[in-house]
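Undergrad: As a plain string of letters, each chain reads:
There are 2 protein chains.
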Amino acid sequence: MIQVAVMGYGTVGSGVVEVIEKNKEEINKKSGEDIEIKYILDLREFPGDPYENKVVHDVEQILNDQDVKIICETMGGIKPAYDFTKRALLAGKSVCTSNKELVATHGPELIRIAHENKCNYLFEASVGGGIPIIRPLNYSLTAEKVDAITGILNGTTNYILSKMEKEGAGFEETLKEAQEKGYAERNPEADVEGYDACRKIAILSSLMCGKNVKYQDIYTEGITKITEADFVYAHACGKTIKLLARSWEDKDGSFYAMVAPFMISKTHPLFMVNGVFNAVCVHGNMLGDSMYYGRGAGKLPTASAVVSDVVDCARHIGKVIMCFWDAEDVALTGIEEAKRRFFVRVSTEKESKALQVFEQASVIEADVPGEFAFITEEMTEKEFNKKAEETGIISRIRIEE
Amino acid sequence: MIQVAVMGYGTVGSGVVEVIEKNKEEINKKSGEDIEIKYILDLREFPGDPYENKVVHDVEQILNDQDVKIICETMGGIKPAYDFTKRALLAGKSVCTSNKELVATHGPELIRIAHENKCNYLFEASVGGGIPIIRPLNYSLTAEKVDAITGILNGTTNYILSKMEKEGAGFEETLKEAQEKGYAERNPEADVEGYDACRKIAILSSLMCGKNVKYQDIYTEGITKITEADFVYAHACGKTIKLLARSWEDKDGSFYAMVAPFMISKTHPLFMVNGVFNAVCVHGNMLGDSMYYGRGAGKLPTASAVVSDVVDCARHIGKVIMCFWDAEDVALTGIEEAKRRFFVRVSTEKESKALQVFEQASVIEADVPGEFAFITEEMTEKEFNKKAEETGIISRIRIEE
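Chains as they are written, first to last, in our numbering: chain A, 1 to 401; chain B, 402 to 802.
To be clear, the hints were calculated from the coordinates, so they are not data collected in a lab.
We treat Cβ as the ideally placed atom computed from N, Cα and C, and that holds for glycine.
Do not take every clue at face value.
As the list claims (entries may be wrong) - Only pairs whose alpha carbons sit at most 20 Å apart, straight line, appear in this in silico SDA-like list of lysine to any residue:
#	chain 1	residue 1	chain 2	residue 2
1	A	Lys-29	B	Gly-676
2	B	Lys-751	B	Ile-776
3	A	Lys-145	B	Lys-425
4	A	Lys-118	B	Ile-718
5	A	Lys-29	B	Glu-729
6	A	Lys-145	B	Asp-690
7	A	Lys-29	B	Lys-612
8	B	Lys-425	A	Asp-147
9	B	Lys-546	A	Asn-28
10	B	Lys-567	A	Asp-252
11	A	Lys-29	B	Asp-727
12	B	Lys-612	A	Lys-118
13	A	Lys-266	B	Lys-567
14	A	Lys-211	B	Gly-689
15	A	Lys-266	B	Lys-546
16	A	Lys-22	B	Lys-423
17	B	Lys-612	B	Glu-510
18	A	Lys-319	B	Gly-719
19	B	Lys-430	A	Asn-28
20	A	Lys-266	B	Ile-718
21	B	Lys-423	A	Lys-29
22	B	Lys-667	A	Glu-189
23	A	Lys-29	B	Lys-425
24	A	Lys-299	B	Asp-690
25	A	Lys-29	B	Val-677
26	A	Lys-24	B	Gly-689
As the list claims (entries may be wrong) - Short derived list, chain A residues pointing at chain B, Cβ under 8 Å:
#	residue
27	Ile-27
28	Asn-28
29	Ile-131
30	Arg-135
31	Pro-136
32	Ala-143
33	Asp-147
34	Gly-294
35	Val-307
36	Ser-347
37	Glu-349
38	Ser-352
39	Leu-355
40	Gln-356
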């Protein structure tokens, strides 16, 4: 029997307990041993909860118990999760986490400590909720040189954008509705400004190159400036708008990472990823594109991913599971060097100026009063910014081919 | 250093050699040791080939060489692959294969022999080409009770159906074109009759339930009877037609598996899987739907999957990798018990009869001379067959919701 502690009895933590209970038979079979929850760490009491008697308030009780081999860290945030995780790993206890903030900030250090202590720090649930993506990257695509990852990694913004597209509604009203339905937080900044997607693409990018991509270095732009009119134009040219988290390595070895709204066309595999669903496209030099799709958040999907890590740890007690993520920081190339086409909106009075500056513009036929829009030829972001300043534009959205 | 032999230097086998050479750095890093190809088994000579001096014609040379730890079986077919694989496993050599025929026929026996000899029989490449699907099922969805798998598992038929839809062309002419372009074999039976997809869903279904689903027991219907008119109707009601390989477990524990053309609607995750792409939808009781998408065939994608198995074997020399597939046969429930809606075409003169027999039919507005079509309410296949016989229908396609 393998004894497990759950740290943080909130949404994901209680989901972990539920998954372990409900799918006991499958989980024990795949673990090769019975998995038992010994402690649940939380500051609160849970009178009447079926696991009431497992709740403890002092982390020492868990860290000092030799029988606890695996810990699920579902607390979130850096403090005190970082300290608890480090001490658990130093004590040789594997930690499985859904905490993207902590993984993006201290991932390589915690992985190193784990490996030095013959245990594991696993984080399948930190990206894409229940979608298996960390393990496919680490265990499946091992014969590939992965050179690009493109994901829809945030359910809230994808829900808002899908809704805006479908209903022709504006950002503010759609956000409000999403908040009322519980799909967006009362303080929605982390989602709508792209910070959440930024942490997640930092993790995936680090695994892609085996070194550390600092989330602070990633250019991040949210969806707050996307309007109804943008979708009118997108629709007119057979495209949609998605918040993409992207990282890619150029042929010259330059490494880029960014989060921003992009226009994508109907033939793009991410086009049909709607609502709260997430998906990750991975490009490898032998396989080409592969895609992983599913529920990017939610109690049970996320908990299922944490428990899949528990199973992996249970099967590798005393052994290190392959994970390459060195502490050495990757020097990202500034996105102003990246080449692409741009969707641009300009007020009607600047039409002749715009078409003079953007020589190869292909105008989009759509009926939006007082303005017009076009798609540029391919150019670097730097070139584009210069032309945009010279013209005086309303707004622009990048195009992902 | 870990020495590898490749058996069969055809398309996939030469791809394996190419992948190991091209991505040497990544592969050696992830394997933890250098991977070296020692032998290539083939009846032919390959004068001028860079690996000419590794080619051998006698399997004994490989089976008797203690240094060879891993064998890639890329020969295909049962004979002599079955015999070679068995002897390799008995000698403690792991085998990685792309041979779906052999895996579907002798999978559980070969896995058992491997485990008894502390080596592994891995077959990621046997289903979905380069799409990671076996490993996600075995290692990632370990906290799930998987209750349904639905896949587009054959590139040739998906190419033909996509082309028929796009161009309004008939089956025969599209098949001919696919053959000319090399997307279909000169003898296309295995693809267009669904036999290839049947082998693949047998493998996935077996992994889903941990027991043996015999491919011979799976109801299999190909795409040869699909016509232009079917796509006219499909288009008229926002659907398309795909050859789906499906298996699912009902709440009462009945287990079904089948291969057949289905109509699916725009909101189905498999709707956008076009051309030579394949995808597999997996439904779990905690995660809901997840989907795995990519190139289902082709030299390098398939070879990449074989080599990912080599890496896995290299990391587990002398250790058994988890795989549950017992020899015990699953008793499949006949599909006549399965409930669904049906798309039905009937000649105009039988309209009143048809609408009398199928009371709740919703007629599809489309202009096909001399006939009309409708979608039935939900009923078992048995009930449907009775009504169809009573009416005298032109054809029917099952609906997947």
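Undergrad: Each hint: holds or not?
TA: Now for the hints, and whether the structure bears them out:
Between A:Lys-29 and B:Gly-676, the direct Cα distance comes to roughly 38 Å. Violation of the 20 Å bound is thereby established for this hinted pair. A C-alpha spacing of about 16 Å is found between B:Lys-751 and B:Ile-776, which places the hinted pair at or below 20 Å, so the restraint holds. For the proposed pair A:Lys-145 and B:Lys-425, the alpha carbon gap of about 10 Å is at most 20 Å, so the pair holds. For a cut-off of 20 Å, the pair hint linking A:Lys-118 to B:Ile-718 stands: about 19 Å separates their Cα positions.
Our distance criterion of 20 Å between C-alpha atoms is met by A:Lys-29 and B:Glu-729, whose separation comes to about 17 Å. Only pairs whose Cα atoms come within 20 Å are accepted, and A:Lys-145 paired with B:Asp-690 is rejected, the gap being roughly 28 Å. In summary, the hint linking A:Lys-29 to B:Lys-612 is supported, as the alpha carbons are separated by about 13 Å, within the 20 Å threshold. A hinted pair counts as satisfied when its Cα atoms are at most 20 Å apart, and B:Lys-425 with A:Asp-147 qualifies at roughly 16 Å.
At roughly 12 Å between alpha-carbon atoms, B:Lys-546 and A:Asn-28 fall within 20 Å of each other, so this suggested pair holds. Only pairs whose Cα atoms come within 20 Å are accepted, and B:Lys-567 paired with A:Asp-252 is rejected, the gap being roughly 38 Å. At most 20 Å may separate the alpha-carbon atoms for a hinted pair to count; A:Lys-29 and B:Asp-727 meet this at roughly 13 Å. A distance of roughly 34 Å separates the Cα atoms of B:Lys-612 and A:Lys-118; the hinted pair therefore is violated under the 20 Å criterion.
The straight-line distance between the Cα atoms of A:Lys-266 and B:Lys-567 is roughly 14 Å, inside the 20 Å bound, and the hint therefore holds. Proposed proximity of A:Lys-211 and B:Gly-689 is contradicted: the alpha carbons are some 33 Å apart, above 20 Å. Annotation: proposed proximity of A:Lys-266 to B:Lys-546 is violated, straight-line Cα distance about 33 Å (limit 20 Å). Restraint check: the Cα-Cα separation between A:Lys-22 and B:Lys-423 comes to about 45 Å, which exceeds 20 Å; the hinted pair is violated.
Of the pairs offered as hints, the one joining B:Lys-612 and B:Glu-510 holds, with about 12 Å between alpha carbons and a cut-off of 20 Å not exceeded. The suggested pairing of A:Lys-319 with B:Gly-719 holds, with an alpha-carbon distance near 14 Å, which does not exceed 20 Å. Between the alpha carbons of B:Lys-430 and A:Asn-28 the distance comes to roughly 32 Å, so the proposed pair goes past 20 Å and is violated. The straight-line distance between the Cα atoms of A:Lys-266 and B:Ile-718 is roughly 45 Å, outside the 20 Å bound, and the hint therefore fails.
Of the supplied pair hints, the one linking B:Lys-423 and A:Lys-29 is violated, its CA atoms being roughly 38 Å apart against a limit of 20 Å. A hinted pair counts as satisfied when its Cα atoms are at most 20 Å apart, and B:Lys-667 with A:Glu-189 does not qualify at roughly 32 Å. Distance hint between A:Lys-29 and B:Lys-425 is unfulfilled; the C-alpha atoms sit about 36 Å from each other, more than 20 Å. Proximity of A:Lys-299 to B:Asp-690 is assessed by CA-CA distance (about 15 Å); at most 20 Å being required, the pair is judged to hold.
For a cut-off of 20 Å, the pair hint linking A:Lys-29 to B:Val-677 is broken: about 36 Å separates their Cα positions. Distance check on the hinted pair: A:Lys-24 and B:Gly-689 sit about 18 Å apart at the alpha-carbon level, within 20 Å; holds. About 6 Å separates the beta-carbon of A:Ile-27 from the nearest beta-carbon of chain B, less than 8 Å, and the hint is met. Here the hint on A:Asn-28 is broken, as its CB sits about 11 Å from the closest CB of chain B, past 8 Å.
The beta carbon of A:Ile-131 comes within 6 Å of a beta carbon in chain B, closer than 8 Å, and the hint placing it at the interface holds. Given hint, A:Arg-135 at the interface with chain B, holds; its Cβ is 5 Å from that chain's nearest Cβ, closer than 8 Å. Taking 8 Å as the C-beta cut-off, the interface hint given for A:Pro-136 holds, the closest approach to chain B being about 5 Å. A hinted interface residue such as A:Ala-143 counts as satisfied when its beta carbon comes closer than 8 Å to some beta carbon of chain B; here the least separation is about 4 Å, so the hint holds.
A least Cβ separation of about 11 Å between A:Asp-147 and chain B goes past the 8 Å threshold, and the interface hint is therefore violated. This hint holds: A:Gly-294 has a C-beta 3 Å from the nearest C-beta of chain B, less than the 8 Å allowed. With a least beta-carbon distance of about 4 Å to chain B, the hint placing A:Val-307 at the interface is held under the 8 Å criterion. Here the hint on A:Ser-347 is broken, as its CB sits about 36 Å from the closest CB of chain B, past 8 Å.
Here the hint on A:Glu-349 is broken, as its CB sits about 40 Å from the closest CB of chain B, past 8 Å. Evaluation of the A:Ser-352 hint against chain B yields a violated restraint, the C-beta minimum of about 39 Å exceeding 8 Å. Annotation: interface hint on A:Leu-355 violated; nearest CB of chain B at approximately 34 Å, more than 8 Å. The beta carbon of A:Gln-356 is not positioned within 8 Å of any beta carbon in chain B (closest approach about 39 Å), and the interface hint is therefore violated.
Violation of the numbered hints given earlier is confined to hints 1, 6, 10, 12, 14, 15, 16, 19, 20, 21, 22, 23, 25, 28, 33, 36, 37, 38, 39, 40; the remaining hints are satisfied by the structure.
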